[in-house]
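Enquirer: Line by line, the protein sequences are chains B and W.
Numbering follows my numbering, in which position 68 of the first sequence is assigned residue number 68; successive positions increment by one, without gaps.
Numbering follows my numbering, in which position 55 of the second sequence is assigned residue number 55; successive positions increment by one, without gaps.
It should be emphasised that the hints constitute simulated quantities derived from the structure, not laboratory data.
It is possible that some hints are incorrect.
[Claimed, not checked] Cut-off 20 Å, straight-line C-alpha distance, at most; resulting in silico cross-link-like pairs (EDC-like, lysine to aspartate or glutamate): (1) Lys51(B) - Glu36(B); (2) Lys224(B) - Asp198(B); (3) Lys186(B) - Glu32(B); (4) Lys152(B) - Glu328(W); (5) Lys45(B) - Glu30(B); (6) Lys182(B) - Glu68(W); (7) Lys215(B) - Asp172(B); (8) Lys45(B) - Glu278(W); (9) Lys186(B) - Asp198(B); (10) Lys30(W) - Asp54(W); (11) Lys234(W) - Glu15(B); (12) Lys118(B) - Asp198(B); (13) Lys164(B) - Asp302(W); (14) Lys215(B) - Asp225(B); (15) Lys164(B) - Glu142(W).
Each chain, letter by letter, is given below.
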Amino acid sequence: MPEKKIRAVIVDDEELARQMLREMLAAHPEIEIAAECANGFEAVKAVTELKPDLLFLDIQMPKLDGFEVLELIGTGRATVFVTAFDEYALRAFDAHAVDYLLKPFNAARFETALQRAKERLGEKSSHPLPAPTELATSARAPKQYLERVVVKDGTRVTIIPVAKLDYAEAQDDYVAINSGGKIHLKQQTISSLEAALDPTRFLRIHRSYIVNLEKVAKIEPYTKDSYIVILTNEVQLPVSRSGHTRLRALLDQKTQP
Amino acid sequence: MHPLFARLRNLGLYLLAWIAPAAILAYLLKASGGMAWSEALVLSFPLCLIYASDCLAAWYPCKVTPLEQSGFSRLVLTHLTAAALMSLVWVGIAKALAFALERWAGFSGLSQRLSSSFALLWTTGVLLYILSVTFHYILLAEQATREAQARAIEARVLARDAELKALRAQVNPHFLFNCLHSISALTSSDSARAREMCILLADFLRATLRLGGKETITLEEELALIRGYLAIEKVRFGARLQMEEEVQNEATSLLIPPLLLQPLVENAIRHGIANLPEGGIIRLGAHCREQSVAIEVENSFDPESPSSMKTGVGLENIRQRLHARYAEQANIVVSSNDGRFLVKLHLPAQLSSAVIPAGAGGEAERAVEGPAVASRVTTS
């Protein structure tokens, strides 16, 4: 019976590291290398287009790091991290990695990782995995907040530094990220985005809105006990009553250090 | 507490010094009040002993009105008021003493004779108090100098500590892991290159250990170390890593602290080249100025990468090392624009012959082997 091949993508910015994986995979005819990528952008594109079953992913790479790649492409496959840094191991397993290969590794260690990946692929359908962005949030090191937000539209990836994020609005299963007049949709809940952002710079002013405090121009009363904020680009956003209390407290803190 | 009480010897010296004013006072009392020598002496010595201890109180006003920070009028007002009051009390004590001596020691008419010298006694008291103020200011200044010296020594010890710590953390373990992984990848595909890389790595590590233990090395030695380091990284990064050198010949024999530039080059790779898919150029420059040397490490970087901003710790280390060694004579300037990151160092130009002091012969000898090892790095 001709078994369907497992399709793999190798992502590493070093040619020698890719070559080593290629060699080790050559001993496994059941695995086919669908693509090799040298940076995060290429990886997102290749995975989106080729939909591989197995991903070998380096962490420190140009453009997008391994975790950002994973956040954008989701968890619909078995991912094996390959890196020289052992301090990311916990985060990697939090992100539901199948295995974590520390460079340098030998053939036996590689076989173990491959075995685990095959087991994961076999049980794939029975365990629905959590949404990728929630994973990225839980995999973030404590006290470390987002420095940039990555958004994928088809195979196009946009990187938004958080300083340029004006506000975010909840829209069903998505958040609309507003930055410099442009809107980027990202599949994520507004609560998980809130948790990932630095609370001294960003505030949830309303059930549906997170605002960048640096962009707030003024706060004005709207009805008897509700308020609106006006941003520097003249956008007006509603503020809930509890949001107003928190906003006042934060802004007072900032003006009198 | 008053510093004189800290050592009994100093207190003794202080009291001894008061014999002179006591003798002068006795003479003045004799001359102006018409006292006998015995009367003048029996009055002046106890009076001066009392005043000597009174004048120690000047310590406190001196401390709260430091010379450099207090205005002239405040100084004059504080100390003159204190002097007038202290002296007035003193005259009162003199009066009581004279009265007691007259009553119980048979110096009849002593208070009478003293009363004609009240003005003189008061003036002497004021002058003595001001003398004491001067003495206390000198004491305070000396204490400040000693404290400053202690602080300077402490700062040096701290700086030395920081430098040692920096050197120990020099070889980044991840560099080693990545390097070993490359070697491991090469063993099957190109064993000759794998062996070559082992040797490059061994040479680099040996040079790090050898140079790291020295006080100073020549710029050429440091450059050779960097070339060895880049040769290894070149195996990993391939065509992505390019290197340019613009080093003036005169600059190569100048002395610098060991492993000063290698961390900068390592940063240039980690935070610059490694984040660029197409790679980039690292430019190393060194130019002699009149009394100093300007060294530049410049690299391409991706302004959007978060890792580009995390260069702080390594640079801070270098800043501290430079400050500990050269104080204000050296500086480090960091700038970035248009995708280029530039670190500029200025240090005093030290020449090998000028700085090797007596007793450093062994070091000089070892320094001579440097370039030989270095050339092996580049040719092997």
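Enquirer: For every hint, state whether the structure bears it out.
Expert: For each hint, the structure was consulted:
no.	hint	verdict
1	Lys51(B) - Glu36(B)	holds, 13 Å
2	Lys224(B) - Asp198(B)	violated, 31 Å
3	Lys186(B) - Glu32(B)	violated, 32 Å
4	Lys152(B) - Glu328(W)	violated, 50 Å
5	Lys45(B) - Glu30(B)	violated, 24 Å
6	Lys182(B) - Glu68(W)	violated, 60 Å
7	Lys215(B) - Asp172(B)	violated, 25 Å
8	Lys45(B) - Glu278(W)	holds, 17 Å
9	Lys186(B) - Asp198(B)	holds, 19 Å
10	Lys30(W) - Asp54(W)	violated, 24 Å
11	Lys234(W) - Glu15(B)	holds, 11 Å
12	Lys118(B) - Asp198(B)	violated, 39 Å
13	Lys164(B) - Asp302(W)	holds, 17 Å
14	Lys215(B) - Asp225(B)	violated, 23 Å
15	Lys164(B) - Glu142(W)	violated, 57 Å
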